[in-house]
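From first to last, the protein sequence lines stand for chains A and B. Letter by letter, the first sequence follows residues 57 to 594 of the working numbering. Letter by letter, the second sequence follows residues 57 to 594 of the working numbering.
Mixed in with the good hints, there may be bad ones.
Stated by the list, open to error - Dumping the calculated BS3-like pairs for lysine-lysine here, alpha-carbon to alpha-carbon at most 30 Å:
no., chain 1, residue 1, chain 2, residue 2
1, A, K364, B, K77
2, B, K442, B, K490
3, A, K442, B, K113
What the hints contain is simulated information worked out from the structure, not anything from laboratory work. Here the structure is a predicted model, which is why all the values come from computation and not from measurement.
Protein chains: 2
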Amino acid sequence: MMNVPLTVQSLLERAERFFPKKEVISRTHTKVQRLTYREIGERTRRLAAALTDLGVKRGGRVGTLAWNHHRHLEAYFAAPGIGAINHTINIRLSKEHISYIINHAEDDVLLFDEDLLPIVSEIAHELISVKAFVIMTDQETLPEVDFSPLYSYEELLKAGTPDTQFLQDIDENETAGMCYTSATTGNPKGVQYSHRGLVLHSFALGLADTVGVSESDVIMPVVPMFHVNAWGLPFAATWFGATQVLPGPQFNSKLIAEFIDEYRVTKTAGVPTIWLGLLQELEAGNYDTSSLVTILCGGSAAPRSLIKTYEYTYKIPFRHLYGMTETTPLALLSNLKSYQTGLSEEEILDIRSKQGIIVPGLEMKIVGSEGDVEWNGRDMGELMLKGNWITDSYYKDERTNDAFKEGWLLTGDIATIDEEGNVKLVDRTKDLIKSGGEWISSVDLENALMAHEAVFEASVVAVPHAQWQERPVGCVVLKPEYKGKVTEEEIKAFIAPQFAKWWLPDHILFLDEIPKTSVGKFLKLKLRDIVQEQLMKG
Amino acid sequence: MMNVPLTVQSLLERAERFFPKKEVISRTHTKVQRLTYREIGERTRRLAAALTDLGVKRGGRVGTLAWNHHRHLEAYFAAPGIGAINHTINIRLSKEHISYIINHAEDDVLLFDEDLLPIVSEIAHELISVKAFVIMTDQETLPEVDFSPLYSYEELLKAGTPDTQFLQDIDENETAGMCYTSATTGNPKGVQYSHRGLVLHSFALGLADTVGVSESDVIMPVVPMFHVNAWGLPFAATWFGATQVLPGPQFNSKLIAEFIDEYRVTKTAGVPTIWLGLLQELEAGNYDTSSLVTILCGGSAAPRSLIKTYEYTYKIPFRHLYGMTETTPLALLSNLKSYQTGLSEEEILDIRSKQGIIVPGLEMKIVGSEGDVEWNGRDMGELMLKGNWITDSYYKDERTNDAFKEGWLLTGDIATIDEEGNVKLVDRTKDLIKSGGEWISSVDLENALMAHEAVFEASVVAVPHAQWQERPVGCVVLKPEYKGKVTEEEIKAFIAPQFAKWWLPDHILFLDEIPKTSVGKFLKLKLRDIVQEQLMKG
């Protein structure tokens, strides 16, 4: 057999050749545009030439700090197209973390959205490797800034040649993309995506039994393109010639509902918070959602009631998927088997509430204290994953040592598996808080709280939240001499400068002690109960 | 990213773990059996152990001379499972060619069906490398034969251990399968399939935009498992947990119709002859074909009238695919784009009559005398293919030198490509008719002839001509009820409006049958001889 490298550029090349008339509908800061794949292809080639001119070399990194729109899509293909790496940066991280990430990845160029200029302005002087800043703007004039050099994305494209050839001699194991993920403690950890992994992941997304991405689809990733490849949908949708709807910056539930209605979206993807919000909007407004054939929900477990409402009230198929930054991300997908379609509504919801079955191409096991757990839906163990779109390391990071075992990724998720092979997450080995699909590290918050001179000890736990699933609450034991002399607001103000706003605990509770295990670790399960009780009391 | 080898055994392992209850419905010489994937898995592991005991080593070859049934399916996985090669042999070849193939491939073991014993008996003494003959039989006693050693498949399985582990340290570029293809002249040529190629091909078959093989499918490959992996369906169907219906030895149209009806077949695959035959059966009998969602038709171009009848009279989606032994085989598949569904019936049939668009994962080009042809649906050139499931050589065969050019496979098929990227075969490089310096497509003439209501099948060949070099002659087989009731002039008049005058065949000959190759393609070499003979007679 021939051995032809699996490359990211081949995905776009197929769209250019076979689906040149199909469109990407892109909302930017000022308007909604329609661009054909012929245009996207040409613009991507211009961008590839421009990046080369800016000094990006093979293996170099192009950082993006951007929402979901066509320019971001072009960056997804342009960097790999010249053998470089498309490095998406999570815009919701703290400035410190964003700065750390860019320096750690040694980004050569930073592409950023105009509404994110304030972040870039604040950190630009700290960025060691960045040789060029490129603002993705619809405006014709550049803003005044105190860093340089600053380029206009569209001006760069005008200068680039539209018939630039993508690199053909790529080794499929070379890195094409990169994304950092929040860690339990310390700085975010970098995950690298190979050409091979991204192409195989795209195959997986096209399978009839997973997402079945098709030319006839209109796909709207609400999940951000700055986080885990927007679940790989931009790659797969492009390859198979689907129409893409990219909802752009600062969208809200109303816009999501309108776009579904107006553009006849067939498949959309996002975290539970998005679908909770959309539900409120659908109930309030008058939208036609009949085009929808799948809502993909991941990031954290969707409440059963949410699944039920979409499936049975709105008749919109609602599918759990599970993955993480380390897994590109598609790993598990909840699907009924053909012999299960006659089950009762409640039995079907039981299945749909689980994270599902490992997708073709990956391997999984769940390992408890006595080895692989039984497939009985009760025994718990840690979910471990292996396969071509699972990372094998963190980029230049010692924490790699703790994350893998005998070739398997330790997900840190505790799960059960039933007799049909459906995995259900039951807990996390570490105490991360998942708010609106993003992770908040309780340990980082605890460390910050404990740095206050009045604090004896502090622990942070997650409490359920209607809109964000989970929100952090801080529990503080004050030193005796400070009791009654420090307010909740003072503590919050103390830690505020260190974190993104949405990381900050909703409440700080003052307790007399924090329950602990026999070895002195915080007993978070018990603490959560105490917190719930206190919050109920008001 | 991890780099985990793509292996054939991983496909079966997934079926064993996640679809153990799903079934393979297998017709053998004496009965129809149902086996679950759990049973198929266990039996395959027993077979793998037995093959090792018979002396098959890594890289060794296991020949199969067999119809479509569960034992053949087990062989598909058992040989690759121990690092050996599953070598399927076309039972319809001449004994000389079968003997050549087994010796050329140096098969260590030969598995064969009981009704093919006469073939094996005749050639056994010529087979140099074969160390063991294994008869795939339902009988408890072995037949009397004059070669040895002869084993019973089921007895070997009883002796093999059911928990045999498949080899895990396979390099994905190792060979897993092998099949010989007839050459225009000389002995058949061997094509080797790598683990990587077969897994990627299975991914391609699962895509929503190709065959979309799914757990919910009931898949019946009528195309033989002894030829080009039964179009890869046994691998994909197993991987995705589909129900498989294997129609066994010496089937006919009635049995195919009955199986579709009884087992609620959703997808089936075969050459046009099969579907012509089925159509007669459906017209005669009373069958429920409402379960069918796709008929896949390949091997040669289906007449437009056949496509039309299935699509519009029977409401069964009928899809052309194109491939060859060298391409595993899926290469092209005819699909409408989403913006074409509103076209007229005739326009849609125009598209469906073409071979279609290259599937994701492969590359194609059509090269004429002046380089890549224009995408105008008129300019002709040779179809060339590249990708991970395209062979890069013929096994130990000098003819490799003529079959490839700069990394591309020369298919020998002359094609056009339209502005949407749909490829249409117009002839073989060897079957084009050159009249007065201009090309005439025998395929277009054949399609026109087959659209006549009296015509069962038709083929057009070139005969030498003093003035024009070559002229076309049509060979027509009439449906039984029309025999003797249609004249040459009526047929000519029927097709005349569709072609330039000089394209029209000089003669129409009525034959009782058209000679075919072992895989159901028109045998034009032989047909030319018949035509010459008939024309001489006057």
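Looking back at the numbered hints, which does the structure fail to meet, lowest number first? Failing hints: none at all.
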